[in-house]
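Each protein sequence line maps, in turn, to chains A and B. Here the first sequence is numbered in the working numbering, starting from 277 and rising by one per residue. Here the second sequence is numbered in the working numbering, starting from 17 and rising by one per residue.
Think of the hints as simulated: they come from the structure by calculation, not from any bench. Backbone N, C-alpha and C fix where the C-beta goes; we use that ideal spot for every residue, glycine too. Hints may be right or wrong, so weigh each one.
With a straight-line cut-off of 25 Å between C-alpha atoms, the simulated BS3-like cross-links for lysine-lysine are [what the hints assert, rightly or not]: (1) A:Lys643 / A:Lys438; (2) A:Lys545 / A:Lys438; (3) A:Lys301 / B:Lys64; (4) A:Lys301 / A:Lys509; (5) A:Lys554 / A:Lys643; (6) A:Lys509 / B:Lys43; (7) B:Lys18 / A:Lys643; (8) A:Lys301 / B:Lys164.
The calculated label-pair distances, taken between Cβ atoms and stated as ranges, are [what the hints assert, rightly or not]: (9) B:Leu121 / A:Asn464: 29 to 35 Å; (10) A:Thr405 / B:Glu40: 22 to 28 Å; (11) A:Ile356 / B:Arg58: 35 to 41 Å; (12) B:Pro150 / A:Glu500: 55 to 61 Å.
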Amino acid sequence: MARNRVAIVGAGMTRFVRRAQETSKELAWEAASKALESCEMTLDDIDAVVIGSAPEAFDGVHMKSEYLSDGCGGWGKPVIRGYVGGGTGVFSAIQGWYHVASGLFDTVLVVAEEKMSACQPHPQGAFITIFDNITERALGPNLLWIFALEMNAYMTRYGLSKRDIALVSVKNKRNAADHPAALLGDPNITVEDVLNSEVLAWPVQRLDVSPVTDGAVAVVMAAEHVARRVTNKPVWVEGVGWNLDTAYWTNRDLSYPTYVEEAARMAYKMAGITEPRKQIHIAEPYDPFDYKELHHLEGLLLFDKGKAPEATALGITQRDGDLPVCPSGGLLGVGNPIAAAALMKVAELFWQLRGEAGARQVPGQPKRGVAQAWGDLMQVGTVIVLGV
Amino acid sequence: MKEFVYDCVYLSEEDFAQGQVLFETWKPVAHYAWDAGIAISRYLAELKAGRLVGVHCPSCGRILVPPRMFCQDCFVPTDGFVPLQDTGTVVTFSICHIRWDMVRLEHPLIPAVIAIDGASPGMGILHLLGEVDPQAVRVGMRVRAVWKPPEEREGAITDIRYFKPLE
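The shape of chain A in the complex, shown without the other chains (with noise of 0.2 Å):
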């Protein structure tokens, strides 16, 4: 099938931040605005947009993409909003992807916001619905409980500690330390803070898990005709792939990411990667707890199932090791405004690949980066490889 080439040639964000003044459309407009500024285009020379955001429950707005479209730059444009829960940041991208590679359009702007604060008590007041309404609903389950039968059904099947699982708490929050945007980084957190941490749903503890987060991110992407003209280091999209497993989530084996696997071979056959574990330079898992890290780097096939944990412990995923695993910060950190969360990992391996991430940049000049996220009922892959 042929394809055009298609570039990231700019990207801004918003901070994220626990509760924000901005409504989500103000969110939105503030990262589209600095994501045209980084690549100094306008609005002018974007031809269609692409909105990325989770439940509309969160807003209290019905058709929220309608009502974001001004803020991303959407007035009087060909529009589309993707949707596939926690896996909707890197959703938006390949959505900005096949816009452009289809050759109907050469630029577009790709805006994932979230304003989950509004959302009273608590957004989980929205998240529940996500369970069968019939078959679940009525036992009382909270959103937390299907990270925790997952991490535990993960933890049984390779004998893991949880002290084996919080390294990748304290790695990322203390990577997010760095992130000029980041709600949660602390350079001094500990493993013990996290075993020591309020017990939530065990095994999942306060510390194990990121913060309910405001937050937008954009993304301005072009054919190479116009990225070559715009920027002198274009961040190529060499593969994307996505994939669904069944909502069935009880008859499935919850220890591995079967639905990830696929969507990573899918992404990693467009872009040419036959050994991703030395293909790949950096990696930016979904990380909303911390063992899912784990589960998506196996699911990516960059570790053997079980061996994620061990790689973490011998420092191979920090920022300096041979495997750099979310250097951003990841949600855990930098924080987890849902959609916003995954372009931000997409955002940072543009950044990491063009050299600009300052003082998270990671050693050695990476070529090629792959994000992914996650969602729905345990049971979405979106997965992205960058390259330069």
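Based on these hints, arrange chain B on the given structure of chain A.
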């Protein structure tokens, strides 16, 4: 990249305490009445009668629970209900100390995925464990349903109060 981070305005608890923030509130009124569907209606009726049932897929031969009108793997209609036991095995579990709005619970809940005896391997349902010390729960533990008395059952998943360990 620092220059491409927009420094949005962060509201603190103090801002609210001091009445510095203007906001609007709204409480939705949206009640739902869901039809249980072809397969789950039978599941609920059987629960009311004190029984668990699955369905059989004629293509892959698996016995699936919760019941479904079609097998999502084979994409063909299932061809009949199959009685299951009300015993099973804990596949995974959690010990949950908080309610959905993060208020601490006095007594923790123990949600679990329970693979039901008589269904194909790995066919679990979400339910709760009870009559057990949370610290004693293990993956692989054998459990049995504790039913509400017949006159209290209403055709719901909660007609099983919880599962408890088999002696």
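Taking the hints in turn, this is what the structure says about them:
1. A:Lys643 / A:Lys438: violated, 34 Å
2. A:Lys545 / A:Lys438: violated, 35 Å
3. A:Lys301 / B:Lys64: Distance of about 49 Å is beyond 25 Å: violated.
4. A:Lys301 / A:Lys509: The given pair, whose Cα atoms are some 30 Å apart, is violated under the 25 Å limit.
5. A:Lys554 / A:Lys643: holds, 11 Å
6. A:Lys509 / B:Lys43: violated, 49 Å
7. B:Lys18 / A:Lys643: Holds. Lys18 of chain B to Lys643 of chain A sits at ~22 Å (cutoff 25 Å).
8. A:Lys301 / B:Lys164: violated, 50 Å
9. B:Leu121 / A:Asn464: 29 to 35 Å: holds, 32 Å
10. A:Thr405 / B:Glu40: 22 to 28 Å: Distance hint for Thr405 of chain A, Glu40 of chain B holds at roughly 23 Å.
11. A:Ile356 / B:Arg58: 35 to 41 Å: holds, 40 Å
12. B:Pro150 / A:Glu500: 55 to 61 Å: holds, 58 Å
In this structure, the hints that do not hold are numbers 1, 2, 3, 4, 6, 8, in rising order.
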